[in-house]
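Put the two chains together into one complex; each comes in its own frame, and the hints tell you how they fit.
Line by line, the protein sequences give chains A and B.
Counting in my numbering, the first sequence runs from 1 upward without gaps.
Counting in my numbering, the second sequence runs from 152 upward without gaps.
None of these hints come from the bench; they were simulated from the model.
Note that the structure is predicted; figures quoted are calculated from it, not measured.
Virtual Cβ for every residue (Gly too), placed ideally from N, Cα, C.
Hints should not be assumed to be uniformly reliable.
[Said to hold, decoys possible] Coverage of chain A stretches by chain B, computed from C-beta distances (three or more under 8 Å per stretch; other residues unrestricted):
id, region
1, 76 to 90
2, 104 to 118
3, 122 to 134
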Amino acid sequence: MEQAGESRIGQPRDRVWRALNDPEVLARCLDGCKSMTAVGDGEYEAEVGAKVGPVKATFKAAISLNDVVEPESYRLEVEVKGGAAGFAKGSASVNLEEVAGDDGDETLLTYRINGNIGGKLAQIGSRLVDVAARKMAARFFERFKVDFDTA
Amino acid sequence: MASETGIGASVKRKEDARFITGAGNYTDDINAAGQTYAVFVRSPYARAKINGVDTAAAAATDGVVAVFTGADLAADEIGDLPCGWLVKSKDGSDMVAPPHPPIATQAVNYVGEPYAVVIGETLEAARNGAEAVDADFEELPAVVDLSTAASADQIHESVPNNQAYDWELGDKAATDAAFDSADHVATVDIVNNRLIPNAIEPRAALGEYDAAAGTYTLHTTSQNPHLERLVLAAFVNVAPEARLRVISPDVGGGFGSKIFVYAEETAVIWAAGKVRRPVKWRAERSESFLADCHGRDHVTTAQLALAQDGKFLGLRVKTKANMGAYLSTFASSVPTYLYGTLMAGQYTTPAIYVEVQSLYTNTAPVDAYRGAGRPEATYVVERCVETAAREMGIDPAEIRRRNFIQPGDFPYDTPVALTYDTGDYEASLDKALEHIDYAGFGTRRAASESAGKKRGIGFSCYIEACGLAPSQVAISLGAGVGLFEVGEVRVDVTGSVTVVTGSHSHGQSHETTFAQIISDKLGVPFENVTVLHGDTGRSDYALGTYGSRSLAVGGSAIIKATDKIIAKGKKIAAHMLEAEEDQMEFADGTFTVADSNQSITFGEVAFSAYVPQNFPLEDLEPGLSEKAFYDPPNFTYPAGAHICEVEVDPDTGVVDIVDFVAVDDFGHIVNPMIVEGQVHGGLAQGIGQALFEHGVYDDTGQLVSGSYMDYTMPRADDLPSFTVDTTVTPCTHNPLGVKGCGEAGAIGSTAAVMNAVTDALGVASVPMPATPETVWRAGRGE
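Just chain B, with the same shape it has in the complex (with noise of 0.2 Å):
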């Protein structure tokens, strides 16, 4: 049914009503009748020993109900904070994980880190009792820097050298071959800054006890909570899984850094059967800065061995990644499986060698932030291909498209254990050159000259492995949990459809487009069809939202049991008209005899299973409710390329974004306005990264860059109107042919801004974020 509401039309959001005039419903919202509230304590120091939490006069604080440290966690059985994907380092051996308490109990190791709870009547209480728990640090010198992290003092007990892991990925002789055979070899050495996440909702908690049923609720700011249930029920033995539901309802951005487990809802939900009374927290901002997972904070060396006539031979990558003080709930996979797999992009690199070491520091835990490893993988290649073009002489735009995988070449097996499905990567290119008018950037340089100003353009040509993932895939590398989704269809009596998905919105507007979805499939009205998530209770389990997977793989399993709807239907309409089952054929909400006249709609087929008359039962069951559950057989590849066309003031080093073009091929589109709203998101996040964005901690572990004084998040005058579009190769192996598109603003754009900005400059590196004064000084060559 290509319908106004159907797979392809921009409808505007269910979720909007609420959303812009106040009535979403957060965390924060929530409110149980006796509830108390939770104040963490957290180090001031990046790295002591607790020598002892004197919590004496805190609990003597008008207003305390209680106060919590490590040890009462630990005499609890309480368990660690887990982190989920084993990585095996280049010797074969398993990445090495301290322990993590929910609160610390023998030392702190970042600024930030709780070492102490206070359960007070009212917010005020509990503030007033954390200013008076006394606690006896012994301070040591932390570890900050990440190039010699390795080297410094050991800051776990069992993690000799501060390494997590060393782990290589793709083949080292074919790639020192491939070097030894080039006519030109690029260098470049970058810093992929770090990044503070900042979602607009902080993260906050409610923990519930029921002490009749003894069960536990924890109403949480969570991308998974059936994750987060398995993870306290089975590891961190909060409760029994059966015991404890986990509801995440309207949450206000993610970008990764709700998806893992932290001390504070732990520790929320936990303590809440310990007072026997419901327990609230939500983060201030500035907790938000200090314990938050951040994102990002590689340090990079990459070559790329190149023919004369510009063909690639051979790429080397070596990488320091910083874990921060723990390894967080997914942290391990991200510079490993989601970037090294990541370096052949969208070309025919035939060797390519990954190496990354992945040290602990007393910083903030570091995992998943928006593309995940993606981004950090696209700025080494299309850092390296720009140096690369440069100093050979050869157009950017012409040396990416001699060594494009080509439309025939699918599915392509990269050198770094990935098969792309589809793609056509000159298609998107030459119509973001078309956009940007590249023939004109000439003139357009030249008028920028005369008036005093340097002009640039760059390119990125990015590709990103997303719609995770085939479970078979990631469980053989290491991951601790399938990766599939369920997807649920109830069909009402009266005929409107109620969804239930483990996808989890925070931001991507599943209400709407599996609504979309619903609607085209089995021809029911759009506001007829009811999105549910976000619940342990009302889904089975799933595994929730990130990696741009909920359409691709959510979606999927929606599908998958639409269609088993639609089976049941038929059986159903044929008992109703006396046909037979296979002759019974649907098509926009109406199931037809074939070549007949004869038909029932599906109003009338939804009432019938539920006010059955004459059902033959043993071959058909009463009601009209389905369930899949969907396991990709691949990832998906979204792939594209961004072009930005930068403006710079030499005198001032403030860099104007003049243009910016992305186009994107996502594969299929259900909504085409949601997914530019998704683009536009990312692509301010990734120009952030580029020009804004930088999370520094001084050479004591304090994090300076601890509010919104000193952390520049982009704003909207610092951005150009978007140009915004997509080119379309199906993708092979999910019902819908799509492939996601949360991410990819995220991923491409970083790379082409600084490709521009060095392009303007005429220099051949700039760090990141490129401030004005970073400018400034690499434009005078300091």
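One chain only, chain A, in its complex shape (with noise of 0.2 Å):
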């Protein structure tokens, strides 16, 4: 699977690393996150509730954050584990660049996504797989911009 996008957010740069590299802010845009913890230096523990077509299960995730040049990119290693509905494992790499926007500074986010599945999320869920990953992503993003807002 590989997957790439983009989106732009009303923020300064600094602000949006800030927020991506908060375990709460992530929790609450990720849907279906259950929980999201620091486990160490860069790495985390989450559990995800998501339903990829027939799949449906609670998926236990490790993430580690590699390369990290702040305030402007990291690369996400990301192991997905989710019992009988079949694993994940994966990196994205995500970048920060500076953009002017009509109201001050702006950051435009692109994220590129290198991964594969297995088990039963292989078995059934392979062709729609590329379509829940991007609905996740963009749910992300819906409710990461209007974070800064309300939090």
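Have a look at this one:
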């Protein structure tokens, strides 16, 4: 699976960077996220309930941050286990670019995901997982953008 | 008795009343008091080392009765699942089979391989428990591609080069010489695509342990319950044979996939003994995709050498066969003795050499699937013949005709180890040509052309060796079991008849055809005959149903037992009529003293057998019940001509099968309606392989065609109204003169369809399945 996308966020880059490194923010914005815990320097554990077509499960994710260039970019390595539902693993490269907006500094976030899926997810969800991931990303940014106002 | 219910009559099926009213009794319909439910925890990885399986959370889950891993089975000395046919490599060495524990212990080697089983009070509890099993896997790179598997990572420690065996058949030197003298050589590179069986009833098992008696009873969806019992007792060590009863009740289709002894029923019957309660399991459809044995999956290069006049001089075949991750129950025999031996087809090809290298990959095990080796062989031979005909500019019907073994040539010894007993191949081809109106094809093609479509016609003149099998031949070729069959005929006191057969019916209609035979032979009303099958507690050791053997082998055993009934009946009748035994004649249900008007009915003899008056007990035992074992002296050789006509839309690549003719020689036929039904089903499956079905793993070994969203089954509206007809050359060596019809449709049709598709497009080859995209690309020369 390969996917890329971008989102323009009406906040300065430093703020976006801090939010992206705050497990509480991430947990609020990620659809179905039941918990997100920092377990070490740049390492997190999360529990996310997700549904891909007919496969519905609680996935346990181990996330680590690599190649961190503050406040510009990092690469997330993610390993997701869903028990009987199967597994996913992959990496997401995230890049933040400062752009000038009408009301001050804004940030252009671009990302690129590479990943594999296995087990039931691959068996019956392979043609659905792209769409599901895209939807999840869209929901995330939708919430992420307004989270600055409500937080 | 040529009656409305005897041999040759299209009697409506006895089975249908219960099946179409939902009253069938399938394994999952059977429930035992206090039963628990099993859920298997399956590997999501194609290849991984198991560093540990943590079952604590699963065991603590509400309603979970027990959680077992491979280590628990090993601790109980439960053995590996064996392969029952020893094939030797060219160099004389034995095939190499890796250990195959029912529940994985050290490593998992295909997606779906079970590594734990959870037993719950309810199915939901077992599922929740399965969710909580936590395994520590170390993922390893998967070996998926068959063509490079021999040089890829070694999957099993004990199997160098991932090779099960490198087998050969035929005379290499003679074949090389034939190619040296050839005027033309036709070469084909073909793939027999992997198929997933998809029986309508998923596999299921109900295991029960009677602690008081120390006996086990396993209800399961097996095509051969005695073989299941033998393997579980003698090899897997679940229970002694005499204390294990295996019952296969109504079974909804098998197509080979239910021949084999699988992990699931093994674990279920063992677990029933451990938890001391009945254990029930039924596969979900997703599990069937992952864990039923798959079929086909060959990569082949074949060459046909011809003389200028189109006579076949030699055939060379080199095949790689995918065994999957382990060697299933009969997997080794399928690409060898059920494949290489069929390469003569219907032709007089004098020199043939076949090489088959069978390899392991990190995919589900591959074993027999409807036709088992013979569809693959027919595809090779008939694609070669068609290719040669086109390259040499000879009419495809004519080139076959020039090479047919002639009726006067039988018995005919092929260069690949078989002796065909009888046949008339030209008769079937002629009849098929007439049905399809071959003479009018040019006109039809022109009409299609003017409508912007491309029309093609394809032939397939197939042969199969079935009626498996002469024990002596099979054993000498490596089979670990005999392949005879048992039949028992019990005449009841009131003259009704109970037949106990070792053949198992999972769609074949034995309750009907076997009753027709008895009704015909003994003159008892059809409705007074009851056929029992599928129970090791009812019949003697038997071999079950596969390889189109039920009527040819199981039916012959019943005939032998019936002959004994008649002989015993004559004794009783002679006693009752105070005549000599050798004066007695039997016909139409009546015993008659020769050249007299003294007679007595079968019913009176039956009654007398059980209410014996003045029987001379030293010469005449009471009772009228006989049993016979029948071991066939040869295989049977059904053969036929299938012709397919297609119309291809070059803009969309959609293939429309506009006509399909199957003319088959099954020898004598007991019930034409049932035979036609068997042919229809087989044709649908063969056409499925050609146009729709494809079991696909991605390069990490994930099954991506694991549901009906991605695995295309043929549907009624994909198929034309078939024209099915027969010719008859009776089998020379069984009492009914029958050959078997169960697999023919799937064996002949695939090649006919692909020959038609390539003819329509005017291209040398199109890979299977010929989906619209594939055909569209092939039509554009891509």
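Consistency of the hints with the structure:
Counting residues of the region 76 to 90 of chain A whose C-beta lies closer than 8 Å to any C-beta of chain B gives 4; at least three are required, and the coverage claim holds. Under the rule that three or more residues need a Cβ within less than 8 Å of chain B, the assignment of the region 104 to 118 of chain A holds, with 3 such residues. Chain B is given as covering the region 122 to 134 of chain A, and this holds because 5 residues of the stretch bring a CB closer than 8 Å to a CB of that chain, at least three being needed.
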